Every structure is written in C-alpha cells, then in structure tokens.
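Top line first, the protein sequences correspond to chains A and B. Everything in the first sequence is counted per the UniProt record's numbering, starting at 1 for the first residue and increasing by one. Everything in the second sequence is counted per the UniProt record's numbering, starting at 1 for the first residue and increasing by one.
Just so you know, the hints here were simulated from the structure itself, not pulled from any lab data. Everything numeric in this text was worked out from a predicted model, so none of it was measured. Among the clues, some could well be false.
Derived pair list, reagent style DSSO-like, types lysine-lysine, alpha-carbon separation capped at 30 Å [to be verified]:
#	chain 1	residue 1	chain 2	residue 2
1	B	K220	A	K78
2	A	K59	A	K78
3	B	K220	A	K59
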Amino acid sequence: MTALLEVRDLRVTIGSTAAVRGTSITVNKGETHCLVGESGCGKSISALSVMGLLPRGSKRETTTLRFAGEEIGSFGEKQMERLRGDRMAMIFQEPMTSLNPAYTVGSQMTEVLRRHRGTPRAQAVDRAAELLARVGITAPGLRLGQYPHQLSGGLRQRVMIAMALMCDPELLIADEPTTALDVTVQAQILRLLATLQKELGLGILLITHDLGVVARIADRVSVMYAGEVVESAPTAALFAAPEHPYTRGLLTCVPVPGKVRRDEPLGSIPGVVPRVSPGFTGCGFRDRCSQAHAACSGTIPRQTVSDGHELLCTLAPGWVAREAA
Amino acid sequence: MLRFFLRRFAVAVAVALTVLTLAFLLTRVSGDLAISIAGPNATAEDVEAIRIAYGLNRPLWVQYFDWLGRAVQGDFGESYFFRDRVSNLIATRMPVTLTLGFVGLAVALVVSLPLGILAAVREGSWVDRLVGLVAMIGQAMPSFWLGLVLMIVFGLQLAWLPISGNDEWQGYIMPGVVLAFSAIPSLTRLTRSGMIEALASDYIRTARAKGLTRLSILVKHGFRNAAIPVVSIAAVQLGFMLGGSVVIETIFALHGVGYLAWESISKNDFPVVQAVVLVLAIIYIGLTLLADLLNAVLDPRLRTA
Numbered sequence: 001m002t003a004l005l006e007v008r009d010l011r012v013t014i015g016s017t018a019a020v021r022g023t024s025i026t027v028n029k030g031e032t033h034c035l036v037g038e039s040g041c042g043k044s045i046s047a048l049s050v051m052g053l054l055p056r057g058s059k060r061e062t063t064t065l066r067f068a069g070e071e072i073g074s075f076g077e078k079q080m081e082r083l084r085g086d087r088m089a090m091i092f093q094e095p096m097t098s099l100n101p102a103y104t105v106g107s108q109m110t111e112v113l114r115r116h117r118g119t120p121r122a123q124a125v126d127r128a129a130e131l132l133a134r135v136g137i138t139a140p141g142l143r144l145g146q147y148p149h150q151l152s153g154g155l156r157q158r159v160m161i162a163m164a165l166m167c168d169p170e171l172l173i174a175d176e177p178t179t180a181l182d183v184t185v186q187a188q189i190l191r192l193l194a195t196l197q198k199e200l201g202l203g204i205l206l207i208t209h210d211l212g213v214v215a216r217i218a219d220r221v222s223v224m225y226a227g228e229v230v231e232s233a234p235t236a237a238l239f240a241a242p243e244h245p246y247t248r249g250l251l252t253c254v255p256v257p258g259k260v261r262r263d264e265p266l267g268s269i270p271g272v273v274p275r276v277s278p279g280f281t282g283c284g285f286r287d288r289c290s291q292a293h294a295a296c297s298g299t300i301p302r303q304t305v306s307d308g309h310e311l312l313c314t315l316a317p318g319w320v321a322r323e324a325a
Numbered sequence: 001m002l003r004f005f006l007r008r009f010a011v012a013v014a015v016a017l018t019v020l021t022l023a024f025l026l027t028r029v030s031g032d033l034a035i036s037i038a039g040p041n042a043t044a045e046d047v048e049a050i051r052i053a054y055g056l057n058r059p060l061w062v063q064y065f066d067w068l069g070r071a072v073q074g075d076f077g078e079s080y081f082f083r084d085r086v087s088n089l090i091a092t093r094m095p096v097t098l099t100l101g102f103v104g105l106a107v108a109l110v111v112s113l114p115l116g117i118l119a120a121v122r123e124g125s126w127v128d129r130l131v132g133l134v135a136m137i138g139q140a141m142p143s144f145w146l147g148l149v150l151m152i153v154f155g156l157q158l159a160w161l162p163i164s165g166n167d168e169w170q171g172y173i174m175p176g177v178v179l180a181f182s183a184i185p186s187l188t189r190l191t192r193s194g195m196i197e198a199l200a201s202d203y204i205r206t207a208r209a210k211g212l213t214r215l216s217i218l219v220k221h222g223f224r225n226a227a228i229p230v231v232s233i234a235a236v237q238l239g240f241m242l243g244g245s246v247v248i249e250t251i252f253a254l255h256g257v258g259y260l261a262w263e264s265i266s267k268n269d270f271p272v273v274q275a276v277v278l279v280l281a282i283i284y285i286g287l288t289l290l291a292d293l294l295n296a297v298l299d300p301r302l303r304t305a
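Build the full structure now, drawing on both the sequences and the hints.
Have a look at this one:
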C-alpha cells in the first residue's frame, strides 16, 4: 500500500509548551487511522499541523511531511491554501459553531468548489445537492437554502462532511466528529464515514478519545500521550495485546460486555496529562505509571513488538504475559 | 420577518408618541408661554390678548390634542421670529443638515472600518496599540475645539477650504470631518472587537480548512459577522450626528436645522424649538428602526425571532 500521508518526527511548540514531541503517523490510501488519547495530549495539534492550521505563536518542525508523494513541509501559506479543502479536508468537533451563521448551507458548500475549481454556480449547487443526498440528508434542495441555525447538530455535522467532500479529497481529517452528538447520531455519523471511505477510497485520520469508536472503524490505532505516539498497531493487535501501560490503562476504563464483571469497578488512571516543556526527556507517563522505574527518566527506546506494532516504552514487549506467568 | 418588522414598528411609534408628548409638556412647564412671547415690556392686557390669540387660555389637554393633531400632519404652527411656517423653515434647512450628517458618517466609516479590521488582524501589535491610542485621543477631543483648530490650519493658514458657510460643496468637508471624529472611536473599537471575536470563531477555522483565500476569510466570513453590531451603532451614530450638528453648524455657520435650533433658542422662538426637537427625535427613532431592520437582513438568526 502506498502512504497517502507520512509524518515523521513532528514537533510543535506553542509558547513554552512542547505540544507534540516527535510524532510519526502514516495514513495509507483507503485506510482509517485513529489517533487516541486523553484531552491535551497533542492529537488535535498534530492534525492541525498537517493541515497547516496551527494557532498563531506555534512552531512546527518535522523531518518528513509527505502528502501523496509530495513533500509539503516546506509549503508556504498560498500553496497550503490550494491543498486545503481540495485534496485534504477537515471536519471538527463542534458542528454547532463550525458553520458560518450568516450564510446558507448552499453558499458555504459551493464556495469550496468555486474557489478550487472555478466551477460555475449552477453546477456547484448540483454537486452540493448530490453530496447532501449522499450523506443521508433528505430534501437536499430545501437544506441548501437554509441557514445553519435551522439545522440540528447531527444535520450540521453531515453538512460539514458533505462540504469536506465537495472537491473529492484524498485525505479527510476528522477531529472528534461525533463527540458533541447524541449517541444514536454518533453511530449514524460513524457508519456514514465508514461507508464513504469504502466508496470513495478516502484516507481518514480520525481523532477520538472514544475507544468504542476505534474498535468499530479503525484499521490502525496510534495512542498518543503527552505529545508522543506511545503505541501504534493494527486495531485488532492493539486490542488483543496492548503493551504500553497507558494503552492498557485506557482499555481498562472501557466496559466490555462479557469481560467486565458486575460490582467490579472500571479502571481509571490517576492524575492528569502533564504540561511538558521543550527539553523534557524520558517517558511523559512515568509519574502516573505503575510500572515506572529508574530507566523511565532516560531515553525511551522505540521497539517493534510485531509487524506494524510499535511501542515506545522501557518495558520489553511481552512483559504482561511474563508477569502473569 | 414581517412579524419582526411590525413589532419593531409598533415600538417605534410608541416612542415617537412619547417624544411628542414630552416636547409639548417641556415647553409648557418652562414658564408661561404668553409672557415670554409678549416680551419684557408688555402690559397685562397684551399678555392676555396673546393668550387668547394663541389659544393658551384653553385647558391643557385641549391644547395638547390640538397641537398633536396638527403636528402629525406636519403643521407645527408659525415661527414668532422668522414670520414663516415652521414646516417651511425645517424643510429648507433639512437638506444641509442631512448632507452634513451623511458626509460625517461616510468619513467615519471610511476611517474606522479599515482601522478596526487592521487592529484586529494585528491584535496586540504596535499597529493595534496605535489604533487604540488614536481612538482614545479622538474620544477625548471636544468637537468645537477640533473645529476651531481645523479652521485655523486649513481655513486660515493653508487657505485650502472655506471657513464657513455652505454655498460651495467644500464647505461641508471640515464640518463633516469634525462630526465624523465623534463617531470614529466607538465605530473603530466596535469593528476591532467584533473582528477579533469573529476571527477566533470556529467558522473561521472551517473557512481556513476549506482553503479559502485570506481576503475571503477576512471579509466574507469575518467582517460579515463583525459588521452586524457596527451597522446598528452606525445608524445610531448618524442620529447623534444630526443632533450634534447644532454645535458644528453654529461653529461653521452652516444654515441647517442645527443652526436654526440655535437661532430659535436664543430668540425664545418656541414653536421652532419644539419642532426641531421633534423632527430630530423622529429621525433618530427612524434610524434605530432602520438599524433593527438592517440587523435582521444581516443576521439570519434574527429573522425568525
């Protein structure tokens, strides 16, 4: 498989905080790669830096930032503008506020196509209506003429997805697209993303803190902690044999039918994600980790557990099994 | 949309009626009108004759409804001093005041919108601080003082512009600028804060994610939302400017409604004062109504409210 997006050793500093510290992510064509972790561990910042949408005052460094075979790390603002919305699109967590209240759905959707392709209005409107129907919105003609405040949260997120697809992008970055929605709507949106991906061959980078979402639609998972990817593996492998203590901690926080016993409390990880300054060495998780030892303050080795399963930890792969024995 | 308009219109009519009543009552409580019309040397018989001639001997409510009935038809009686219909006086003076007001508003918008947007885009930079400083100085500067300074510099020393009068169009430039200065600080600050709020919003992030150009993001998506409060304040400011033209028109000897008000106040010409107050108040109410309507046009969320 060819890598659609390849990020190597991404570092982002915002003021005096090292928000992302050497993250590497690869998204293949037609693959869903999930980025999981608690709030504040650098997932959104990683995604925004791929799009070139970092907030003012942030600094991005990377050894490789390759999109569809082209190195885009050195692209200027003008070049990134041309990529965004055209070949790489992004949807956000807040469907209620992500659409401009002053313009109709149709105007905001057609704008993308008119900007990137110079498509005449009538054709752009046809395309918008077609996509609204595709994301499961009934009466697209009516919706095109409506303003965002006339739509529910679920409908707005569908509009955002349809809008992101206007130019047939190769990569879709979705930053917690279902977090703000009702559970039933969440399921619909996830199903929609999965279907669209199959039909359009999209590469999706999905950010979430919901492991239930990961289990349902991810091909590959990267677990982020304090600005680093601490474990990355194909979904099945990660759920079957999690290695990093943080990954294991996250998994014990989720109730799994058949595995969790009645009256037994769910797991939790004490403490919060630390704010890390540039120059910090060692494992960011060591203060919260039950397995922490002296070596955790030194350089942490990146180990290969099995094919495609990587671990950033001082513990040798297979430590769980050995400990249980 | 129609319900919204009707509701706002009803409120405007209620306010206008209140102003009419107040304008009537204020002239009555300010003293015996017959005595002030007759003048200091009049005898008791003269005063009595005037009282009867002007109908001031009738009960107050009769006078009120008589005056109200005429006022709503545009009949404000006759000026004691100019010996002319008050409505004629106002009609001939109004174009001067309106021209001055629109020149002032145009100058104010042309200056404050770009300044406000610039300050917001460069928030926290020296440009932003400079704009803030200019706005503060503008706010602190009395308009009569600025008017006199401009007259000395551009009228006397450089002799570029006429010092007074409204015979040529150049006569409107200096008073227009002075009038604009009263509105520039608030309009600039409002544009700036509106733009800062808009630019920090999620839909701007969406617009950037769509790859739109910087200009489109700033103007189409940012300013379009920031403009909503600016439009209503601009309409209200125009009302202030028309009212505030009393000072400016007097300084620059522009023969508008403001100058008329000043003349008639100094001459105790009550029907004219009453009518000018009323007309300016009604224009103000009309502008506020217009601001509400423009808001509804600009903000789709208000139309269904």
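Structure versus earlier hints - violations, ascending order: Every hint satisfied by this model.
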